[in-house]
Amino acid sequence: MAQVWLWIGVAGMAIGSVVFGWGAHNARSDRWKIIYLLNFFICLIAAGLYLTMALGQGFNIVHDRPTFWVRYVTWFLSTPLLLLDLAYLGSSSLPLTASLIGSNAFMIATGFVATMTDKPKNYIWYIVSCFAYLAVAYLLVQPYRVEAVRQHPRAKKAFTKLLTVHLVLWTLYPVVWILASTGFNVIEQAGEAFGYTSLDLLSKVGFGFLSLNTMSTLEKADEAPSPQYESAI
Amino acid sequence: MAQVWLWIGVAGMAIGSVVFGWGAHNARSDRWKIIYLLNFFICLIAAGLYLTMALGQGFNIVHDRPTFWVRYVTWFLSTPLLLLDLAYLGSSSLPLTASLIGSNAFMIATGFVATMTDKPKNYIWYIVSCFAYLAVAYLLVQPYRVEAVRQHPRAKKAFTKLLTVHLVLWTLYPVVWILASTGFNVIEQAGEAFGYTSLDLLSKVGFGFLSLNTMSTLEKADEAPSPQYESAI
Amino acid sequence: MAQVWLWIGVAGMAIGSVVFGWGAHNARSDRWKIIYLLNFFICLIAAGLYLTMALGQGFNIVHDRPTFWVRYVTWFLSTPLLLLDLAYLGSSSLPLTASLIGSNAFMIATGFVATMTDKPKNYIWYIVSCFAYLAVAYLLVQPYRVEAVRQHPRAKKAFTKLLTVHLVLWTLYPVVWILASTGFNVIEQAGEAFGYTSLDLLSKVGFGFLSLNTMSTLEKADEAPSPQYESAI
Chain A
257 MAQVWLWIGV
267 AGMAIGSVVF
277 GWGAHNARSD
287 RWKIIYLLNF
297 FICLIAAGLY
307 LTMALGQGFN
317 IVHDRPTFWV
327 RYVTWFLSTP
337 LLLLDLAYLG
347 SSSLPLTASL
357 IGSNAFMIAT
367 GFVATMTDKP
377 KNYIWYIVSC
387 FAYLAVAYLL
397 VQPYRVEAVR
407 QHPRAKKAFT
417 KLLTVHLVLW
427 TLYPVVWILA
437 STGFNVIEQA
447 GEAFGYTSLD
457 LLSKVGFGFL
467 SLNTMSTLEK
477 ADEAPSPQYE
487 SAI
Chain B
257 MAQVWLWIGV
267 AGMAIGSVVF
277 GWGAHNARSD
287 RWKIIYLLNF
297 FICLIAAGLY
307 LTMALGQGFN
317 IVHDRPTFWV
327 RYVTWFLSTP
337 LLLLDLAYLG
347 SSSLPLTASL
357 IGSNAFMIAT
367 GFVATMTDKP
377 KNYIWYIVSC
387 FAYLAVAYLL
397 VQPYRVEAVR
407 QHPRAKKAFT
417 KLLTVHLVLW
427 TLYPVVWILA
437 STGFNVIEQA
447 GEAFGYTSLD
457 LLSKVGFGFL
467 SLNTMSTLEK
477 ADEAPSPQYE
487 SAI
Chain C
257 MAQVWLWIGV
267 AGMAIGSVVF
277 GWGAHNARSD
287 RWKIIYLLNF
297 FICLIAAGLY
307 LTMALGQGFN
317 IVHDRPTFWV
327 RYVTWFLSTP
337 LLLLDLAYLG
347 SSSLPLTASL
357 IGSNAFMIAT
367 GFVATMTDKP
377 KNYIWYIVSC
387 FAYLAVAYLL
397 VQPYRVEAVR
407 QHPRAKKAFT
417 KLLTVHLVLW
427 TLYPVVWILA
437 STGFNVIEQA
447 GEAFGYTSLD
457 LLSKVGFGFL
467 SLNTMSTLEK
477 ADEAPSPQYE
487 SAI
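Protein chains in written order, with the working numbering: chain A, 257 to 489; chain B, 257 to 489; chain C, 257 to 489.
You may find that some hints are simply not true.
Claimed, not checked - Using C-beta positions, here's what the derived DEER-type ranges look like:
no.: 1; chain 1: A; residue 1: Ala393; chain 2: B; residue 2: Leu435; range: 49 to 55 Å
no.: 2; chain 1: C; residue 1: Lys413; chain 2: A; residue 2: Thr427; range: 49 to 55 Å
no.: 3; chain 1: A; residue 1: Ala393; chain 2: C; residue 2: Pro376; range: 49 to 55 Å
no.: 4; chain 1: C; residue 1: Asp478; chain 2: B; residue 2: Ala283; range: 26 to 32 Å
To be verified - Footprint (simulated), chain B over chain C, 3 or more residues, beta carbon under 8 Å:
no.: 5; segment: 345–355
no.: 6; segment: 359–372
no.: 7; segment: 375–385
Read the hints as simulated data drawn from the structure, not as lab findings.
This one's a predicted model, so the numbers in the text were calculated from it and none came from an experiment.
Each residue gets a CB set at the ideal place from its N, CA and C atoms; glycine is no exception.
Starting from the given sequences, assemble the full structure and let the hints guide the process.
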């Protein structure tokens with residue numbers, strides 16, 4: 257059963273890669289090409305991850321739990337691209353982008369250690385990783401949103417939507433972790449595979465489309481003719 | 257016998273490191289320093305690789321095949337520098353450079369998985385890695401060449417030579433892979449060591465000199481006095 | 257006994273992370289924010305390292321020596337940030353910054369191989385790593401200092417102090433290595449833990465404060481009103 261979800265992951269990520277790759281190839285400007293490329297590589301890395309898992313690789317029995325440690329290897333590479341996606345859309349400053357990417361790397365690395373550690377020590381690492389996630393969430397809700405709205409005042413709504421979707425999806429990852437065999441063991445392996453696969457598809461392929469949509473809103477807002485209507489919007 | 261080729265690799269890469277390092281130290285401009293530095297670090301990483309292998313390290317018996325997995329670790333670090341070399345010479349745009357480096361990283365990573373995987377599953381990864389290589393080759397032959405020639409119209413011939421040498425050498429790597437024990441097992445370990453070592457020396461030390469030569473051609477072409485002679489060249 | 261030093265490391269690095277993180281949050285300009293952020297992530301990575309070691313993880317018996325290989329994983333990530341700290345203060349050029357970071361990466365990687373290798377082969381790698389360190393030291397004492405003083409002529413003294421502290425601390429790392437069980441085995445495990453922990457605290461938390469101090473000196477020097485007094489200072 258878990259196996260089915262992994263092949264669905266392969267198919268979904270492969271489709272995402274083809275769509276975003278094709279978009280990058282035909283992009284009408286560098287701005288669009290960059291967004292398409294980021295989404296393309298996010299899906300490509302994930303396609304490699306799901307193919308690895310579907311072929312029964314990247315997997316070990318760690319402390320009596322079957323563990324796909326390869327997830328963390330690929331998340332370490334794909335999550336910074338997701339944050340670059342956000343940073344690019346929000347025209348974030350260098351210090352903010354670096355803070356986001358650094359906190360995220362710490363979150364994935366400590367999450368990986370949590371996954372490879374025996375109970376109950378793993379909960380220490382889980383809590384450390386959750387704190388890193390709170391830092392990422394704070395950076396997005398506060399300085400990121402403020403900077404993005406300052407740069408694109410007419411696109412406030414688009415950023416609120418983008419951030420809400422992003423934060424809801426990312427918050428569910430540690431929830432799956434704590435419910436699966438890595439934590440309290442209340443969902444089975446198939447449930448864990450379903451949870452991570454659907455979150456990955458939504459936060460990579462789905463979020464990719466949302467980022468393109470946001471880009472299009474931004475472009476319209478930035479090109480809008482007359483500044484005197486600004487306050488009305 | 258295989259051992260001899262590894263020590264030849266150590267010597268060749270060490271000589272390359274010294275020559276390019278000395279060149280970087282005495283470079284007459286930042287432009288030259290950057291090209292020398294890229295070639296220096298490419299050879300330095302490879303010197304570390306060959307020393308590791310010559311000392312009998314970075315090596316495991318994987319699925320009954322003696323496997324120098326350390327090659328892939330160092331290729332993961334040196335191949336992006338080689339592509340930066342090309343991108344710097346061709347004044348490539350950011351999206352193109354990122355596409356090249358991303359596709360290349362996917363190629364090396366999946367090639368590594370192919371090498372660590374048992375037959376026949378390894379052929380799936382081999383094919384995936386070959387597709388990534390085709391993407392790299394396409395990016396070089398099409399957008400890279402077009403951008404490079406647009407920026408340096410008088411150096412068309414130099415870029416054709418650079419790309420031809422690069423693509424011939426890189427295409428031979430998957431050929432050695434499929435002929436060695438990783439694939440159809442028609443060449444012995446000494447043949448594999450000879451193949452990879454000579455390819456590495458040509459594509460790192462040899463290609464390094466070619467890149468310096470191209471830089472010098474570019475500088476002459478860009479400094480050429482009168483635009484009216486352009487069509488004649 | 258060694259365990260005590262590891263928990264002191266956790267506490268020290270956690271305090272450093274909080275202080276520098278708070279500073280980054282309240283920084284009055286992007287220039288200050290960048291320095292605080294670099295120091296924050298240096299301490300955060302080290303806090304993760306010491307927590308790993310204090311919990312008895314990141315550790316294996318390698319060739320009959322108890323070896324915390326995780327040190328090298330985190331040094332690989334934190335030392336480039338330390339060099340970026342220096343490069344940022346000294347307004348170093350791109351080729352110089354890249355040379356520093358590349359040589360440093362080679363030093364840590366070969367140091368890691370030295371640590372994982374059996375005697376006497378490990379001494380080959382130790383010597384290679386020491387040569388890489390000599391390259392880093394040369395780059396700092398010569399081109400780095402020259403560029404930094406050219407950009408900030410009134411801060412010559414500040415850079416001399418910064419470099420002296422940096423080089424004394426970094427030189428002591430290979431000394432601890434060669435005296436510990438990795439080398440001549442004349443200091444015990446507690447001595448090794450004391451050595452590395454105190455060096456880490458001094459070169460990360462201590463050096464962080466020194467870098468802030470240098471930044472403040474630079475700002476005063478650059479803002480100093482009248483160029484005619486320059487020669488007198």
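If you check each hint against the structure, which ones fail?
Every hint satisfied by this model.
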